[in-house]
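Quick note, the sequences are listed as chains A and B, same order. Mapping the first sequence onto our numbering, position 165 (from 1) lands on 165, and the numbers just tick up by one. Mapping the second sequence onto our numbering, position 39 (from 1) lands on 534, and the numbers just tick up by one.
Everything labelled a hint here was simulated from the structure, so no lab data went into it. Idealized CB from N, CA, C, for every residue including glycine. Among these hints, one or two may not hold up.
[To be verified] Below, computed lysine to any residue pairings styled on SDA-like, alpha-carbon distance capped at 25 angstroms:
hint: 1; chain 1: A; residue 1: Lys491; chain 2: A; residue 2: Ala165
hint: 2; chain 1: A; residue 1: Lys351; chain 2: B; residue 2: Tyr555
hint: 3; chain 1: A; residue 1: Lys351; chain 2: B; residue 2: Phe553
hint: 4; chain 1: A; residue 1: Lys351; chain 2: B; residue 2: Val603
hint: 5; chain 1: B; residue 1: Lys539; chain 2: A; residue 2: Asn342
hint: 6; chain 1: A; residue 1: Lys220; chain 2: A; residue 2: Glu379
hint: 7; chain 1: A; residue 1: Lys228; chain 2: A; residue 2: Ile243
hint: 8; chain 1: A; residue 1: Lys351; chain 2: B; residue 2: Lys582
hint: 9; chain 1: B; residue 1: Lys582; chain 2: A; residue 2: Val380
hint: 10; chain 1: B; residue 1: Lys539; chain 2: A; residue 2: Lys391
hint: 11; chain 1: A; residue 1: Lys351; chain 2: B; residue 2: Arg547
hint: 12; chain 1: A; residue 1: Lys273; chain 2: A; residue 2: Leu41
hint: 13; chain 1: A; residue 1: Lys391; chain 2: B; residue 2: Asn568
hint: 14; chain 1: A; residue 1: Lys491; chain 2: B; residue 2: His535
[To be verified] What follows is a list of derived Cβ distance ranges for each label pair:
hint: 15; chain 1: B; residue 1: Gly536; chain 2: A; residue 2: Lys254; range: 36 to 44 angstroms
hint: 16; chain 1: B; residue 1: Gly536; chain 2: A; residue 2: Ala426; range: 49 to 57 angstroms
hint: 17; chain 1: A; residue 1: Lys32; chain 2: B; residue 2: Trp575; range: 24 to 32 angstroms
hint: 18; chain 1: A; residue 1: Tyr373; chain 2: B; residue 2: Asp574; range: 18 to 26 angstroms
hint: 19; chain 1: A; residue 1: Ser264; chain 2: B; residue 2: Glu627; range: 31 to 39 angstroms
hint: 20; chain 1: B; residue 1: Leu557; chain 2: A; residue 2: Asp413; range: 16 to 24 angstroms
hint: 21; chain 1: B; residue 1: Ile612; chain 2: A; residue 2: Lys9; range: 38 to 46 angstroms
hint: 22; chain 1: B; residue 1: Ala607; chain 2: A; residue 2: Lys351; range: 48 to 56 angstroms
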Amino acid sequence: MYTFSSKLKTFSFALMILGVIGIGVGFWQAPKTIEDVEKILADSHHGHEVAHAEKSSHNLEAHAVDNPVVAEVVVDSAKAIATDSVAHQTLDSTVVAAAPVADTHDNHKKETVAHEANHDKEHAEHVLHQLQNKPWAALYVACLFFMLISVGVLAFYAIQYAAQAGWSPILFRVMEGISSYLLPGSIIFFILLIAAGMHWNHNHLFLWMDPEVVNPASVKFDELIFHKKGWLNVFRFLGTAAIILVVWNFVRFKFRQNSIAQDSASDIAPYKKNFKLAAFFLVFFIVSESIMSWDWIMSVDPHWYSTLFGWYVFSSFFVSGITVIAIITLYLKGKGYLEHVNTSHIHDLAKFMFGLSIFWTYLWFSQFMLIWYSDIPEEVTYFVTRIEHYKLPFFGMVALNFIFPLLILINTDFKRLTWIVVMAGAVILFGHYVDFFNMIMPATVGDQWFIGIPEIGSVLFFLGLFIFVVFTALTKAPIEPKGNPFIEESKHFHY
Amino acid sequence: MSNKVIHAIYNDDDVLMDAVKQTRAAHHHIEEIYTPFPVHGLDKAMGLAPTRLAICAFIYGLVGLSIYTALMNYIMIQDWPQDIGGKPSFNYIDNMPAFVPIMFEGTVFFAAHLMVITFYMRSKLWPFKQAENPDVRTTDDHFLMEVGIHGNEEELVSFFTNTGAVEVKVVDKH
Chain A
1 MYTFSSKLKT FSFALMILGV IGIGVGFWQA PKTIEDVEKI LADSHHGHEV
51 AHAEKSSHNL EAHAVDNPVV AEVVVDSAKA IATDSVAHQT LDSTVVAAAP
101 VADTHDNHKK ETVAHEANHD KEHAEHVLHQ LQNKPWAALY VACLFFMLIS
151 VGVLAFYAIQ YAAQAGWSPI LFRVMEGISS YLLPGSIIFF ILLIAAGMHW
201 NHNHLFLWMD PEVVNPASVK FDELIFHKKG WLNVFRFLGT AAIILVVWNF
251 VRFKFRQNSI AQDSASDIAP YKKNFKLAAF FLVFFIVSES IMSWDWIMSV
301 DPHWYSTLFG WYVFSSFFVS GITVIAIITL YLKGKGYLEH VNTSHIHDLA
351 KFMFGLSIFW TYLWFSQFML IWYSDIPEEV TYFVTRIEHY KLPFFGMVAL
401 NFIFPLLILI NTDFKRLTWI VVMAGAVILF GHYVDFFNMI MPATVGDQWF
451 IGIPEIGSVL FFLGLFIFVV FTALTKAPIE PKGNPFIEES KHFHY
Chain B
496 MSNKVIHAIY NDDDVLMDAV KQTRAAHHHI EEIYTPFPVH GLDKAMGLAP
546 TRLAICAFIY GLVGLSIYTA LMNYIMIQDW PQDIGGKPSF NYIDNMPAFV
596 PIMFEGTVFF AAHLMVITFY MRSKLWPFKQ AENPDVRTTD DHFLMEVGIH
646 GNEEELVSFF TNTGAVEVKV VDKH
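Next up, chain B with everything else stripped away, as it sits in the complex (with noise of 0.2 angstroms):
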């Protein structure tokens, strides 16, 4: 099945930001946006759900903080309580400010690695992997929107040119 997408290409992010709203006014489903570089507001004119990449990284804090706090408590307080210059090693809280850093440490370690490394398989990225570039230019200084064909191609055409749009094609998405 042949799958025809429009491709309209801006040069101007304001102008680009408009032609999201009509597009979206006009119920066009928007495929993707590819940009040069972050567009204020353009997830939200895009009608994008927030991330929750913040949520997992709390919980993947949490998930440092137990592992950390029990490697101590396994490793000074059950496993070998030595008296090391006079310090409480009776139970965990005796001394616990000792632990502190490393806690705290742990957290931070867990919630940046992990967080960054599930953004990563979130957003499909690794080394070598295939670039997904539309036209190269993207990169560089011009916006392409992409909106699939559905009805009459004619018609779409000409609404994505009075948007603003620098340059519409009609690609066959594989």
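Here chain A stands alone, though its shape is the one from the complex (with noise of 0.2 angstroms):
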């Protein structure tokens, strides 16, 4: 039996307590009226100026010289700034008049001279928007992240038992531990859907639960939302978000139960139901993983949508929970309490965390290039919002992602060892929350973006709470499972 060392507890617990003090923080330092927007925007206003000044006086400068290459690209860069401006009338669901937005461009000088009276309120009443959203979106990103790490780990667990492996059943316990965090997740994760369909204090992650952009009659009347009502309302996303979670909850029970029971079982009878109820959730949950990719994720940009994204959103949770079940599993195997856990188990799970790395890399640039490619505009927003206003972290993740594991854990020898094995994981973890980062926060808080306090505050919250429920869920069961068919082969398991 593993019991939670108090150090760990405490150390939860102060992860909670900061992280709380964070969100409190992000949703105290939030605007609350137009006026303050208008004295943050009027602080920071000046020193933009200046810098666009040079900036426009620059291109001119390359205009003189006549070379015809950098005229070329002027006149590309303005293509991609006249389709983001477009981009951002139909985000900003604020806009009355057709002034284009865009707010830290090249022509930024030309179209200040130029703006109509009312453009500043309309802009400022957009910030406020955005920066509202802020504390919101980084609770929001933070809990989706972790709760889909849960997900994630319990789709390899059903995977294992469906595929009968013959390597995995000494990390079951682990695996249950660790998908034990989808119950509080999953609770937490839909008072904050709660949140965004009732407008929780300024909630608006989600433009089209505003009312308005669905009613013919109101100036903020979007049609392209009118016509996806059908299946973007409050009640039918709720409504299926909890039949999802539901039954993620119920099957992740299902297995503990049987799981705990095989431990004292004559029979197999309980493994064979695992088998059966893996082969179930399978295929459940490709099916449910997709429509919650669409609903939780895609949908706030709900002008934009991607056929393969729920394949692309599985692959970064997916290799998330592989990443974790190989840092608790050395967390655990370093304090001695998985004795038959050897380095070929840790060389498989680290073989899984390079591979499903270049998947997702495989499914992030196929979805990139078609779109690229075909350069769609009302596609190819979303990428440009993204390349405009999210350089570093929307490139950084692929970094993060793909370069250095493929460079690391390329290695044989490397897959044996505990410090590349978990220095590798930090760097996967913190780049496939970048990755969620990078999917919510272009459409909820534009180009509003930082990792600030209540972003790192979210982080450390869920963070605390994921270490305490899943060390408290290991202590509650023996940590090497008794009586499942391959758990001998898996104890000596060696490759």
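Given two chains presented individually in distinct reference frames, assemble the corresponding complex, making use of the accompanying hints.
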């Protein structure tokens, strides 16, 4: 039996307390009125103005040289800006006039001269919504990320059962421990979905949830969203979320129950139940996972759609889940609790981390490249906003999630070294947090993003809760399962 | 100089593994082992050095990646930067997503083929090569261990008979 070390428990509580403080500061800092935002903008505007003046004069010089290549680049970026401002307009529910909302572009200076009088006010309102979304979005990303890690582990666990894997049964209790976070995680997540549906405290994470947007009489009316309201309505959204979360939690509960029953069973009946449950769950999972990725992630950009998005989201949290299994296994092994886990088990987990990191990159690139190549304006705005405003996180995550694991985990000997696997795992987890950040933030806070107190606070809170729940669950059952027909093979697994 | 070797023939891979361990413990030098199929763990029991083919493949992959990157950069960006369907051919990075499928396949092509050729060269395999099979049964169901004779011949023969060999021969190796 595992005993929760008091140091780790204290650490998890410290993380949760720090996290709650950070989340609270985030909500407290968010501006309440348009006047607050106008003040913020006025403070930062002066600096912007100077930078833009310099930039545009530089462009003029380049034109004067009459270098055709540079001229073409300028034309090209102007085109990108044009599509971008269309994106802004469609995203910004408050725009009435057709004036472009582009605010940080080369032609800013020219535009400011031609500004309509009411444009500043609209801009301020737009920024107000983004800043009010910021603490909510930070909370949402962290909550979703940690919950999906436990879902990824649950899917991996089901695959191990369905595939009758011989190497992994020794790790089943670790996986059950991690998936125990699903219950508290999904409760908090569902509350966040309700918060979005009810617009608590200026929560505008989902643009389509605003009833004005689908009201033909309103100035905010959006015909594109109006035609999607058969799917995108709060009742259907919360109902689907409730069904998906209840089934996932129920399956996880039955898995655990049968696994514990197998410890003292005289035959393998509980194992067979889990085998059948795994087959059912995997079918349900792949459908529900797709739906959940449209609802909880893709619908923050209600004008955009991508067909492989569900797979892309899946690969992201699946590799994170396996990474967490590897890290927690190494921690428990280091404390002397998993005597039958050897470097071959770690090697297998590291191979999964390596292979699935490349799988994630394959999907990321396939989605990006297809949209980049065809350059259809209604699709490409998704990546234009990300490359314009999120350049470092957007391309940085490719380095974190692909290049780093590719170069580190390709070596067979490295995959057996604790410190290498933990280090690569930390980078992969951070990279996939950034991936979720990139999926949610551009549509909710736009160019007002920053990884500051609300974001770090949210991550710390959920990390603390995750550690507390997972390690508490690990103390509830023997750390090595008994009675599984593959457990002896797993104990002697050698690669 | 006549160079005599012992051919100890076994008909079970477990017996062979035990024999290899005993031979190594007795410090007899194993020249070669012929088996009809890969015997798991035999290389470790014989104390063979691990292969470096994977390292070669990694380097070949980098070579392929460089060649295809340079190729696309020269053709599409440097030599004739045409506007083809509005794709930005101003510099390599601007148009890189379009080249990635080629860069990827080139990397795999070089890594795979050059590694295979390296394997053929290092293990001296080619068409019309004279087969080096000391006993035809070793491709079917027998295992043969070849050990050089240095010292007492009778003692060695009795040693190998005791390791479970079904047949021990002393052969002159040209």
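Okay, the hints, checked on the actual structure:
no. : hint                                     : result
1   : A/Lys491 to A/Ala165                     : holds, 12 angstroms
2   : A/Lys351 to B/Tyr555                     : holds, 22 angstroms
3   : A/Lys351 to B/Phe553                     : holds, 17 angstroms
4   : A/Lys351 to B/Val603                     : holds, 19 angstroms
5   : B/Lys539 to A/Asn342                     : holds, 19 angstroms
6   : A/Lys220 to A/Glu379                     : holds, 22 angstroms
7   : A/Lys228 to A/Ile243                     : holds, 21 angstroms
8   : A/Lys351 to B/Lys582                     : violated, 37 angstroms
9   : B/Lys582 to A/Val380                     : holds, 14 angstroms
10  : B/Lys539 to A/Lys391                     : violated, 50 angstroms
11  : A/Lys351 to B/Arg547                     : holds, 19 angstroms
12  : A/Lys273 to A/Leu41                      : violated, 61 angstroms
13  : A/Lys391 to B/Asn568                     : holds, 24 angstroms
14  : A/Lys491 to B/His535                     : holds, 19 angstroms
15  : B/Gly536 to A/Lys254: 36 to 44 angstroms : holds, 41 angstroms
16  : B/Gly536 to A/Ala426: 49 to 57 angstroms : violated, 35 angstroms
17  : A/Lys32 to B/Trp575: 24 to 32 angstroms  : violated, 59 angstroms
18  : A/Tyr373 to B/Asp574: 18 to 26 angstroms : holds, 22 angstroms
19  : A/Ser264 to B/Glu627: 31 to 39 angstroms : violated, 59 angstroms
20  : B/Leu557 to A/Asp413: 16 to 24 angstroms : holds, 19 angstroms
21  : B/Ile612 to A/Lys9: 38 to 46 angstroms   : violated, 58 angstroms
22  : B/Ala607 to A/Lys351: 48 to 56 angstroms : violated, 19 angstroms
Checked against the numbered hints above, the structure violates hints 8, 10, 12, 16, 17, 19, 21, 22; every other hint is satisfied.
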